Amino acid sequence: DQQVKQNSPSLSVQEGRISILNCDYTNSMFDYFLWYKKYPAEGPTFLISISSIKDKNEDGRFTVFLNKSAKHLSLHIVPSQPGDSAVYFCAAMPSGTGNQFYFGTGTSLTVIP
Amino acid sequence: NAGVTQTPKFRILKIGQSMTLQCAQDMNHNYMYWYRQDPGMGLKLIYYSVGAGITDKGEVPNGYNVSRSTTEDFPLRLELAAPSQTSVYFCASSWDFSETQYFGPGTRLLVL
Chain A
1 DQQVKQNSPS
11 LSVQEGRISI
21 LNCDYTNSMF
31 DYFLWYKKYP
41 AEGPTFLISI
51 SSIKDKNEDG
61 RFTVFLNKSA
71 KHLSLHIVPS
81 QPGDSAVYFC
91 AAMPSGTGNQ
101 FYFGTGTSLT
111 VIP
Chain B
114 NAGVTQTPKF
124 RILKIGQSMT
134 LQCAQDMNHN
144 YMYWYRQDPG
154 MGLKLIYYSV
164 GAGITDKGEV
174 PNGYNVSRST
184 TEDFPLRLEL
194 AAPSQTSVYF
204 CASSWDFSET
214 QYFGPGTRLL
224 VL
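As you go down the protein sequences, you meet chains A and B in turn. The opening residue of the first sequence carries number 1 in our numbering; numbering runs sequentially from there. The opening residue of the second sequence carries number 114 in our numbering; numbering runs sequentially from there.
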C-alpha cells in the first residue's frame with residue numbers, strides 16, 4: 001500500500017523555466033516531509049524539508065509547499081537548470097518517535113538546455 | 114570523510130545462495146537503515162538500527178537479517194536468495210530518525 005504517491009513518473013522542462021513536482025499522501029499522521037534528489041548510480045541526497053507547522057519552506061532555487069488539507073506537497077525549482085535533471089523522491093514521516101520514512105515512487109525530471 | 118559506503122556495487126546470485134551486503138559510515142551516526150528499491154517503486158525500509166546492538170524491522174523485513182556490532186557497520190544478510198529479492202539496496206545513516214538521512218551509492222542485486 002503506497003502511502004506516498006508521485007503520480008507523474010517523468011517531467012520535461014526547458015532550462016530557465018519552473019519545474020513543479022507533485023506528491024500526494026494518504027496518512028493524516030504524516031507531519032514531516034522531505035525531498036531527495038537522485039542521480040543515476042548514486043544514492044539519494046537530501047534536498048529540502050518541511051514540517052507540518054509550516055506551509056512553505058524555501059532554500060535558494062528550491063521551494064516546497066505543503067497543503068495539509070489536500071494532503072499534497074509540491075517542489076518548485078526556479079529557474080530550472082540542466083544539472084537539476086535527476087529523479088526526485090518525496091518522503092513523509094508520521095508523528096511520534098521510532099517511526100520510519102515512507103518514500104514516493106519518484107519523478108524523473110529532465111531539464112532541456 | 115567517505116560518508117556511507119556500500120559493497121559490492123553489483124552482484125548476481127543463484128536462487129538459494131546467501132550473501133552479505135556491507136555498509137559502513139564514518140560520520141558517527143547512531144541510526145542506520147537498509148532500504149530496497151524495486152523498479153518503478155519508492156524505497157521500502159527493510160531494517161533499521163538505533164545504535165550498536167539494537168535493530169528493528171521495517172516495512173519489508175522477510176528474507177533478510179541484520180546485525181549491528183559497531184556504530185560504523187550495518188551488514189544486511191540474505192540467507193536464501195529468491196528472485197523477488199532482485200532489487201537495488203541502499204544503506205543510509207542519520208543522527209536521529211527525524212534528521213536527514215545520508216545514503217550510500219547502492220548495491221544492485223540480481224537473483225537468477
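A hint or two may mislead.
Computed, partial: chain A to chain B, Cβ under 7 angstroms [as the list claims (entries may be wrong)]:
1. 40
2. 44
3. 100
It is worth saying that the hints were derived from the structure and are not from the lab. Quick caveat: nothing in here was measured; it's all calculated off a predicted structure. Every residue, glycine too, gets a C-beta built ideally from N, C-alpha and C.
The hints, checked one at a time:
1. 40: With a closest approach of 10 angstroms, the residue 40 of chain A hint is violated.
2. 44: Holds, because the Cβ-Cβ distance from residue 44 of chain A to chain B comes to roughly 5 angstroms (cut-off 7 angstroms).
3. 100: Holds, because the Cβ-Cβ distance from residue 100 of chain A to chain B comes to roughly 5 angstroms (cut-off 7 angstroms).
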